[in-house]
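Since the structure of chain P is provided, determine the placement of chains A and Y on it from the hints.
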Amino acid sequence: MKKKVGIIACSGEKLLGGTLSRAAARIVVKKLKPHDTIVLCQPLFAAGGLERHGGQQERDFAKEHPTITIEGCEELCSKIAVERYSGPVAATIRVDEIMKAHPELKPKSREDLGKDGLKLAEIIAEEIAKKVDELHKQR
Amino acid sequence: MDKKLCVLPCNGIDKSLGVVARTVALKLIELEPEMNLICPVLLNTNDERYETILKESNIVIIDGCMTRCATKLVDERNQKIFKRIFIPAMSKQFKIKPGTNLELNENGQKLAEKISIEIIKELKASEYDEISIEKKLEEFDFYEITVDKYYFQVPKNSYFFNENDCWVKPNGNTALIGISDYLQNRVSDIMFVELPKVGTEIEQFDDVGSFDSVKTVLDLISPCSGRIISVNKDLKEHPEWMNQDPYRKGWFAELELKNFDEDWELLMDGSGYFKYMKETITKEKEEMDFKN
Amino acid sequence: MSKKKGYIIPCSGIGKVFGSIGRETAYIVVNELAKDKADLECLPLIVKGKKEVIEALKENKIISIDGCPLKCSYNNIMEKVGRVDAQFMTTDIVKENRDLKPEPYIIPIGENTKELSKKLAEKVAEKINELLENKVEVE
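Chains as they are written, first to last, in the working numbering: chain P, 475 to 613; chain A, 4 to 295; chain Y, 18 to 156.
Pulled out of the complex, with its shape left as it was, chain P reads as follows (with noise of 0.2 Å):
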């Protein structure tokens, strides 16, 4: 049986490679993948917590399935929570990368994509599912 797989996205405010990464985040889990992955809270996984709702759930989860973590810049905050907390990740997607493999794609702000920027989410999506068809071919 598949293992649903996690997607951590970066939670940071300042860059707009955070925006970039919740949102592929999310039409990853609701559009491309909707049964095989669920999102996991990146500042809730970090925190950890062992009440209810704490970041507990999220990091035992990544413990027994498989992670996947979206950055949005240099300092992979969640690859290292995830490898601090739970275990090694099973794949990491660079955002900066993404966009400097677009160049013709201009993203408005952090506030709003804009046109460009919600395409070049897509185009972080599609390379996360793609990685997920990859993790489940694996196992």
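All clues given are correct.
Derived CB-CB ranges, DEER-like: (1) A/E240 <-> P/D570: 42 to 52 Å; (2) Y/P121 <-> P/E585: 19 to 29 Å; (3) Y/K112 <-> A/F97: 17 to 27 Å; (4) A/L45 <-> P/D586: 50 to 60 Å; (5) Y/P125 <-> P/E578: 18 to 28 Å; (6) A/E206 <-> Y/N48: 50 to 60 Å; (7) P/K604 <-> A/I284: 25 to 35 Å; (8) A/D144 <-> P/K593: 48 to 58 Å; (9) A/E33 <-> Y/N48: 46 to 56 Å; (10) P/K476 <-> Y/P121: 19 to 29 Å; (11) P/Q612 <-> A/E268: 45 to 55 Å; (12) A/E287 <-> Y/K20: 47 to 57 Å; (13) P/D570 <-> A/N49: 42 to 52 Å; (14) P/T566 <-> A/Y153: 20 to 30 Å.
Some chain A residues well away from chain Y (every beta-carbon gap over 12 Å; in silico): (15) L29; (16) K30; (17) N47; (18) T55; (19) Y154; (20) N167; (21) E204; (22) E259; (23) D264; (24) E268; (25) K278; (26) I284.
Covered, in the sense of this in silico footprint (three residues per stretch, anywhere, with C-beta under 8 Å from a C-beta of chain A), are these stretches of chain Y: (27) 25 to 37; (28) 111 to 123.
No wet-lab data here; the hints were simulated from the structure. We put the CB at the ideal spot given by N, CA and C, even for glycine.
Here is chains A and Y on its own, set in the frame of chain P:
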């Protein structure tokens, strides 16, 4: 029976709030010399040393940060908890910020003093409550199922459920009612509640109040008949308790029971409801897969 | 000597609309209501312990905005920095405005969500002005 107590600080050494935690523990044993101090390092490496003390005692756990090392050491045991202290929250409550220096400043000392005095006050107030604390803990034995990253709990004993995912917990001729963990999960964050009026007569399966979540508005369907004798007014300020603690703090209303001997026949006990809940979850998953 | 600022750190929770309200609120404050007095900071960088970020926060005023009682932003800042000068809960603004129930979707955010964010942004901006004008150190 003498109340036996012990205190377990996280002993965090690299943060000022961890140092506050440690200082609180030391002040507690100064104020209550009969309290036992548990060393977290020793507990982690050789817990047999504390086996007897922990079995006989209620514990005060003090954590200095979100990692909650002290809590983690205890939560795997079946330990009676008197109090959990989270230093960042206490710092906010007392409006005292100890700063970041590892050598406690005046504020840090003040904070530790206030926290330890508060704990002692609660201890004195609870002298006659020890038995009820133990009873509460006994009741919370759950069936649990994990689906993806969500877990759903159903109390094994004392609770009865209708098919609308609402529970009743009888206690003599009165009972509390509320919603199940499964239902709170389905509706997501509850923002508002409409509580019933005290004095209202209710028949089994009547609507008795409602709650708004970000997703929907739902009525609470009473699992039993009776008269409303009190409501959980705290839910007006803290509707999130219905999500966070649906079987305890999140209780909705209290009834004087009318006909529970008959009402009970149309309800499920813990194990029955757990089975029902699992079947519902499985059906929902299958329907989603079928649609796609 | 550079002027002090108010750094706003939203929790940035991805699972629910309350995280989006916090984010949108922060954008409105930083881009419109307190343009030269406020800035955003990334919560994951704070959790990661990035030195420059922590130092900058220590020297300025810190405002946390959380979307649920777990208070990921507030608690993590308290742990890493030791101080929060003002905290806000997006759930409070929702409770105060029952007729403006936020839509459950987050990309894009709904009209009620935008409206709630504007209301909260006004409160946050007012608080930043207070904090920056007030020369007495908060205990």
